[in-house]
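Enquirer: Both chains are given apart, each in its own frame, so use the hints to dock them into the complex.
Going line by line, the protein sequences match chains X and H. For the first sequence, position 149 (counting from the first letter as 1) is numbered 149 according to this note's numbering, and the numbering increases by one without interruption. For the second sequence, position 6 (counting from the first letter as 1) is numbered 6 according to this note's numbering, and the numbering increases by one without interruption.
Covered by chain X, according to a simulated footprint, are these stretches of chain H (three or more residues, beta-carbon under 8 angstroms):
1. 45 to 54
2. 87 to 96
3. 103 to 116
4. 335 to 349
Hint data in this document are derived by calculation from the structure and do not stem from the laboratory. We treat Cβ as the ideally placed atom computed from N, Cα and C, and that holds for glycine.
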Amino acid sequence: MSEQTPTEPLTLAIDTSTDVVVGLAGGEAVVAEHRNADARRHVEDLMPSVITLLGGAGVARTTLDAVVVGMGPGPFTGLRVGIATARVLADTLRIPLRAVCGLDAVAADWVHGANPPDGDFLVVADARRREVYWARYDATGRRQDGPSVSAPTGLPALPLAGPGHRLCPDHRLGTGAPERLDGGALARWGGGLPEVGDEPLYLRRPDAAVPTRRKSVLAARTGHR
Amino acid sequence: MSGPLVLGIESSCDETGVGIVRGHELLANEVASSVDLHVRFGGVVPEVASRAHLEALLPTLHRAAERAAAAADVDLTEIDAVSVTAGPGLMGALVVGLAGAKALAWALDKPLYAVNHLAGHVAVDLLEHGPLPQPAVALLVSGGHTSLLRVDDVATSITEVGATIDDAAGEAYDKVARLLGLSYPGGPVIDRAATGDPAAIAFPRGLTLRRDLERHRFDFSFSGLKTAVARWVEQREAAGLDVPVADVAASFQEAVCDVLSAKAIDACRELGSTDLLIGGGVAANSRLRALLAERAEQAGIALRRPRPGLCTDNGAMIAVLGAEVVDRGLAPSSFDVAANSSLPVSTVAL
Ligand SMILES: [Zn+2]
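Pulled out of the complex, with its shape left as it was, chain H reads as follows (with noise of 0.2 angstroms):
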């Protein structure tokens, strides 16, 4: 056979996933999400997403053993390994996966390996791509994380080389979406609104100035274009003239992406890598797609992008690294194992 058969659970956000894989081959998905319900907060509620995780856990259980089922004719009692997110993310929102994953390993008899949450969203491009050449970079852009990372071996060996000193970059997509009167979340709202002038503002970017490049050459700040944008919609305002909320999108669109790919491709670059990987939910958006193909072909690089629905938060990111890390050989996690809110990405298995 292929590998380990591996279920993972992870509750870290607002995304309650099941996943189930057989080494690199994906038996099942399935996803609840809370966003609706943070819509009119304008922002994920910690205890509104954790209340949504207990009601979640296990209809989500469920539709995923149903799938592996019908799929692959697996039966839970069958699986080698149960996986789950120990962290980085909301601590409410993580206790909720890692108590019901204990549970549904000691229950089955089978071993528990809690793990790294960003080397899950890198492993799951071994579902679509295949084993990753070494080192690669990868970068992760969502709600929740900003991150280049270096990538030895994504069971083992995952360094951060670079990460936002103060807002992830989808939390400022979100932010000038409120300002700009948009809904949430800001990172499709944004990309479908931003259809004008990518030049028409110029807004700046963070950490590139030459004496920020000595220490942060790999890091992100995205504060201070959040701020520049309100300011320059505040003004218009005041001004009396109407905002062209399409220039300010895609001018505020233009630059994120252009420092996220700028920075990767140098990352790339400097470490030696042909491969570059994307994931988290901004990895979905078109600009950032757009702008990495471009600037990674003219560099060399091959880029690697998961398909949309496994780059946002699910449940086989976690099983298919639960599947690296038991192919590994590295042991299981004890029942004692506690959730991180914090856990830095060089510590993959818990």
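Only chain X is shown next, with the shape it has when bound in the complex (with noise of 0.2 angstroms):
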């Protein structure tokens, strides 16, 4: 494999709380993004498209300088698949891991794009049972207010970024902002976004139901003759 010599540190970008993103930045500069956008197949995805990304730049797993991972929010099980990758990767490679909230990533992609948000803005996602994970930013991309889960039909009157917008009939995607989260983005913002700490941003608690008094068998039997 040839192998760069950056001067600035490189970056690798991991997310699956919706789709495979990766993404890899040198410093200042995307050098390369990858996208798999077939949401089952999280586990068998995101390795090859790392090894993709890294062997198409040119670049030696060895050289890697940090590994910046999406906590969420997100569906639990394509979640965990990016943060626990992020997390060994970065372990072994004995390099720092930097967890940031998906929604600041595409927050500071606007912000920073050539068509930036001229107030406050929401940025949006899909989080299934027609509800989405939501938070709230200023025109610099600072966050104030969530990641929260919620009916879209609550939502302040503000423009939209992100990939649950469509979710939102009350409210207009905003001129200029991202429709996804890119995993370029996310490696070249992504170091300057808040740590959000080492529990996933699941917001909901699992479903599970604490037994109440059993179901009599005697009486199922009779109810069924």
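Expert: Quick look at the structure:
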């Protein structure tokens, strides 16, 4: 493999909160990015995506300087694939890991883009069950509220960014707002985003019922006859 | 040296396990269990287990690496391969270990072997009792599985000869424990409570009638037994009588262990095997061990049982299976290998 000798620190970004998203940035510049939109193949697609990304950029694993990972919010099983992968990669390669909120990365992408927001805005993502994950930002991209999960109908009347915008009929996508989390943007801006800690941004408790009284088998038998 | 140096990762149910072996030599076996988190639900809650796996993955990996470094001066960079459970198991739980294993293998630039959890329960015995005579019969009993296997080669040739057609044996233990107002998991709890008369109540032996044996000679069924226990307890309560927990537990346990051991010995005779291996959490059950020991001796069959810490789910079983697969020269798994919640035992390595 031909190896670059980059002067800028190389950051690998991983996010599996929705699609499988990977990106590579050298300091201020996005080097490469890759997205795989099959939401049911996270564990299959993530490592091959990383390998292809680095191979295409001519970057050896040993030259990576940092890993950034999106901690959600996102549907649970897919989300964990990215976090487990990023943790083990950073740990084994002995490089720092930065755990960030994926919505923050979308906000940073818009704020630093060619057509930035002119005031407060929301970043929204699909939370399934007719709800959205969302957070509110000011025009500099600083998070003011959230992340939260709720029905799209009760959201503040602000322009939107992010993959959940189609689920919010009362809102519009902001001009120039990114519709998706971009791997390159996550790699480029992730290092400057707030750390969100070790706990993924699940925002929901596991579905599990504590068993109450047992059902009567005698009653069930007579009832079915 | 004696065999490949392999690190194995297990996350199919509620134990996060990382084991390190050199061939048949155990160097590290670290397990983090989320069982306490499931107690109030009376069974494993997949999402709770999956969250716990993610939390436990790195700490467990670190503990195993430290143990292998202390015990055998082994550094992770020296391993020959990473092996990992690809299935069967809970999908959300499996993918955490599989993602971690892929990342570890790639970061260390080592081959990845995605393997079968059930085969791991068989392979783990190699760590304690050495090579397995062929063919051997294996009885795997836990909260998640009840299978009778013919093992011609643990890395390449395992055939399922029987399995449960409804509940796993351990599941029946959990449900009956709840019925009796006992705690979770039911296996050890009922084992302790079963101090009464095992012949007090004649509970049914699933799939042992002559007409069932034609089609299901080596299969199991515990659903009818569970219902029979429930009905017996309810009738007793309806009559205003106390429930004799010790007798019910002993009689239920006897029904389970009678069928398990009878069919396992029958399979050994039928397949011409002189060795019966038992594995899975329920293999630690005292009555099952006693009954199997008695019947195996009568039949001239050698009983092999790994120690309890290796019978329950762990990483060492996946590591030693990985070492066997490496030893047979099988090709490594591709990095796009998927988890398979219902992986058949005939597929030992993917
Ligand atoms: Zn198991």
